[in-house]
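Chains as they are written, first to last, in this note's numbering: chain A, 30 to 512; chain B, 30 to 512.
If you are wondering where the hints come from, they were derived from the structure by calculation, not from laboratory data. Any given hint could be a false lead.
Said to hold, decoys possible - Computed list of lysine to any residue pairs in SDA-like fashion (alpha-carbon distance at most 25 Å, straight line):
1. B:Lys449 / B:Arg309
2. A:Lys396 / B:Lys185
3. A:Lys282 / B:Phe181
4. B:Lys294 / A:Leu144
5. A:Lys294 / A:Val236
6. A:Lys185 / A:Lys282
7. A:Lys324 / B:Ser293
8. A:Lys407 / A:Glu352
9. B:Lys288 / A:Glu352
10. B:Lys407 / A:Leu144
11. B:Lys183 / A:Asn67
12. A:Lys403 / A:Asp266
13. B:Lys324 / B:Ala450
14. B:Lys60 / B:Val71
15. A:Lys418 / A:Lys324
16. B:Lys403 / A:Phe181
17. B:Lys69 / B:Leu50
18. A:Lys185 / B:Asn248
19. A:Lys288 / A:Pro76
20. B:Lys218 / A:Gly106
21. B:Lys403 / B:Asn438
22. A:Lys69 / B:Lys60
23. A:Lys288 / B:Lys60
24. B:Lys69 / A:Phe181
25. B:Lys185 / A:Leu193
26. A:Lys288 / B:Lys320
27. A:Lys69 / A:Leu249
28. B:Lys183 / B:Lys69
29. B:Lys282 / B:Lys60
30. B:Lys320 / B:Lys449
31. A:Lys60 / B:Leu170
32. B:Lys449 / B:Leu323
To be verified - Partial selection, computed: residues in chain A whose CB lies under 8 Å from chain B:
33. Val117
34. Phe181
35. Lys185
36. Ala186
37. Tyr190
38. Leu193
39. Ile196
40. Leu197
From a predicted model like this one, the values you see are computed outputs, not experimental measurements. Ideal Cβ positions, reconstructed from N, Cα and C, are used throughout, including at glycine.
There are 2 protein chains.
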Amino acid sequence: MEIGPASGDKAGFFTQGRRWLNALPVKFKAKVADTARNIKKVGQDDPRRVIHSLKVGLALALVSIFYYYQPLYSNFGVTAMWAIMTVVVVFEFSVGATLGKGLNRGMATLLASALGVGAHHLANLSGHVGEPILLGSLVFLQAAISTFLRFFPKIKARYDYGLLIFILTFSLISISGFRDDEILELAHKRVLTVFVGGCACFIISIVVFPVWAGEDLHNLIALNIEKLGNFLEGFGDEYFKRTGDAESKDDKKYLEGYKSVLNSKTGEESLANFAAWEPRHGRFQFRHPWKQYLKVGTLVRECAYRIEALNGYLNADIQASSEVRSLIQEACTNMSIESGKALKELSLTIKKMVQPSSADSHIENAKSAAKNLKSLLKSGLWEDTDLLKVIPGITVASILNEVVKCTENIAESVHELASKAQFKSVERTVSPEKLHSGQPQNIKSAQMVNCSHVVVNVGESTMAASPSEISSAPKAIKHNMEV
Amino acid sequence: MEIGPASGDKAGFFTQGRRWLNALPVKFKAKVADTARNIKKVGQDDPRRVIHSLKVGLALALVSIFYYYQPLYSNFGVTAMWAIMTVVVVFEFSVGATLGKGLNRGMATLLASALGVGAHHLANLSGHVGEPILLGSLVFLQAAISTFLRFFPKIKARYDYGLLIFILTFSLISISGFRDDEILELAHKRVLTVFVGGCACFIISIVVFPVWAGEDLHNLIALNIEKLGNFLEGFGDEYFKRTGDAESKDDKKYLEGYKSVLNSKTGEESLANFAAWEPRHGRFQFRHPWKQYLKVGTLVRECAYRIEALNGYLNADIQASSEVRSLIQEACTNMSIESGKALKELSLTIKKMVQPSSADSHIENAKSAAKNLKSLLKSGLWEDTDLLKVIPGITVASILNEVVKCTENIAESVHELASKAQFKSVERTVSPEKLHSGQPQNIKSAQMVNCSHVVVNVGESTMAASPSEISSAPKAIKHNMEV
């Protein structure tokens with residue numbers, strides 16, 4: 030009866046094998062589903078990515094007509110491939126990046142072609158033996174010099190790609206000249222096909238659902254300020270509520286939003302570089318003060334560093350005693366909420382491109398809360414308390430004080446941005462001086478702001494604005510109307 | 030007598046003109062001198078830049094032999110220009126970046142050439158009318174899909190350039206096939222010339238004064254930790270000395286060093302990406318744990334955020350009263366100096382690739398200083414002081430406490446790095462447990478560290494190490510010998 034176990038083993042093997050085979054499609058399905066979810070996520074995070082992909086395909090298909098269409102092909106021949114190369118390499122996500130790369134490539138090709146032809150003629154004079162030596166040394170020299178130039182920070186930021194193409198084109202043209210005597214035609218064709226390829230990129234990237242780096246930078250800065258505002262608005266409640274209940278740990282996501290601000294420098298700088306290439310678009314003029322956005326961004330990051338320190342006290346093991354908390358709670362919460370409101374106000378005014386108005390009053394409120402806290406600390410209420418229990422609370426208060434200062438700096442730089450970029454003023458009847466001095470309470474109630482639903486006095490603004498202003502910024506006004 | 034003034038005017042004009050002309054060379058000279066200074070600075074900041082520029086020139090000059098040398102030219106003809114393009118585009122500053130780009134380009138060219146030939150044959154079957162339509166749709170599809178793939182963060186980090194070249198090559202090969210029936214030869218030549226160009230880059234970048242991204246990352250992390258250490262070592266003195274004298278404002282440069290750490294994330298990540306492509310070099314194995322460096326870097330940045338907050342109190346308007354200062358001075362200064370020493374120790378052990386030893390005892394010292402501070406604050410010494418005067422000092426102490434915690438985290442991650450990367454242990458006689466538990470004072474004196482002159486027990490380490498270890502890392506041991 031040995032067949033039993035053996036056939037059992039066999040059956041087991043087959044069963045296992047079948048199970049594995051049965052599991053295979055499941056695993057495969059899971060893998061596919063996972064990938065599909067990933068693809069969907071990348072597309073949903075920014076649907077412009079899908080459109081961009083289709084745009085690149087379209088541009089390439091268009092340019093390849095150079096090959097298919099006989100009259101064009103008989104003119105350009107194989108050099109038509111430069112047009113294809115240009116499209117592949119130049120077409121970037123935003124209009125600014127595309128324009129920057131395209132102009133770099135175009136100018137560098139033009140200049141390098143001219144110099145390459147010159148080098149070829151120079152080398153021609155030096156006889157058959159001297160020619161390769163002279164050409165080789167020229168290529169070596171220009172490559173070394175151009176490569177070194179790419180290390181200069183200012184040049185790297187804007188003309189890095191141009192220098193690369195300069196090296197490439199100069200080498201190609203001057204060396205090709207050694208074999209091909211129709212070098213002038215080669216240079217001419219190269220410039221022309223690069224021009225055609227570049228134009229295809231420009232037109233498609235500007236006409237078909239354009240992605241403007243400037244607008245992205247504008248929105249990014251506004252979003253970053255809003256993130257800090259969200260944190261500060263929530264911080265007071267979160268910190269002072271926390272001793273009693275630990276339940277609210279999962280809905281703290283809005284408190285983590287500021288983390289992305291800490292490392293936003295590189296992204297902001299490249300967007301600003303791209304934006305500098307962009308023509309006038311939507312609400313943005315040609316010479317929009319993009320550099321001012323970088324200044325605002327730096328101050329926002331400085332504020333984010335303080336907030337990172339604050340966040341450490343949210344999760345710290347040692348918390349201030351409850352009596353200390355209840356004493357400083359009101360002032361601290363006010364400081365935090367008011368500066369948070371001010372930041373969200375500033376973010377909103379950037380988004381809508383109107384002059385910041387009520388943010389200043391929020392900052393004033395935050396400052397007076399800070400003063401209250403100071404006088405509270407001066408009062409004798411504290412003499413009986415254990416200092417060790419006071420420390421965490423006091424540290425939080427002290428950092429909040431720094432945050433208020435940062436908020437003030439941000440407000441100042443946003444004011445500067447608003448005047449440089451000529452943001453529209455919302456309320457012409459209230460002068461900025463009034464806002465700063467008298468009756469902050471009255472003014473505040475007059476321009477009551479709810480942060481998500483802004484009540485702005487659009488009537489006066491449109492009445493006061495000239496017709497050309499209205500027609501040039503229909504989007505901004507429409508936004509005002511909506512809210 | 031109207032001639033007088035007129036001639037005077039004339040003379041004045043001439044004098045002015047002459048002055049302007051005289052000034053011109055001076056201005057020009059100043060401009061030239063300024064540019065020269067700038068060039069010198071870029072070169073002196075990192076002399077490897079000059080060498081890199083010469084290397085690029087050399088590689089280009091070498092590859093252009095394809096054109097000059099008749100037997101090679103008769104084989105490759107115009108396609109030799111792909112070799113030149115490859116050199117210009119692939120040759121990057123570090124070996125890792127060059128290898129990454131070269132391998133990306135090579136693999137993408139190979140794959141896209143094969144698929145392009147396939148697409149050509151497929152299109153051939155569909156007749157003369159259908160061919161351009163089918164080819165166009167294929168080009169459109171692959172361009173759209175590949176472009177979309179470039180948005181995936183993981184793919185973007187390592188294979189972005191490969192996808193670009195894939196789009197390029199596939200389009201070129203498949204479209205060229207419409208005109209050129211020797212498409213297989215074209216694809217073959219393209220792959221071969223790209224291979225030759227890539228090899229020229231690899232060989233020159235590895236053989237002639239190689240710049241290793243991995244080594245740069247290693248040094249960058251060590252340098253960043255050292256910068257934080259420098260700040261902390263100087264902070265105590267700077268903060269507590271400052272009330273009396275304001276003279277030391279100019280020699281505070283070492284206190285600003287940490288600022289570059291705040292924004293080092295992008296640089297570290299790209300270096301780690303490049304390093305992953307690099308073969309074994311110097312003291313680094315092929316699978317050196319580069320990702321662990323990123324973890325250390327993140328913790329270092331978190332510490333830098335705390336330090337940024339501390340720095341705010343160095344320059345704050347409101348300072349703690351002098352009596353408060355004198356009370357907390359000793360404990361705070363100890364916390365700061367000891368954690369600074371610990372960081373500099375850690376930086377040094379990374380630089381020398383030895384197991385961190387005495388850093389832990391410094392951290393213990395910093396912790397005990399923090400404990401002292403706590404008990405000081407618990408004691409009744411404070412009851413008569415004005416709380417408002419205490420706040421800045423207490424906040425500084427509280428943030429310093431956070432810094433000590435950060436230092437501990439950094440030390441832990443450096444320990445992890447040391448074990449993952451198998452750093453050599455300096456003292457085999459002292460077990461890590463002992464270091465953490467008993468008699469920290471004795472151990473500290475036994476392995477007294479001066480931070481710039483480390484006394485390490487090299488004899489034991491080399492005795493314990495196997496001969497292969499010694500031969501594989503002569504540089505590291507030599508470093509130990511030197512100090």
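Exercise for the section: Check each numbered hint against the structure and report the violated ones by number, ascending. Expected result: 2, 4, 5, 6, 9, 10, 15, 16, 17, 22, 23, 28, 29, 35, 36 and 37
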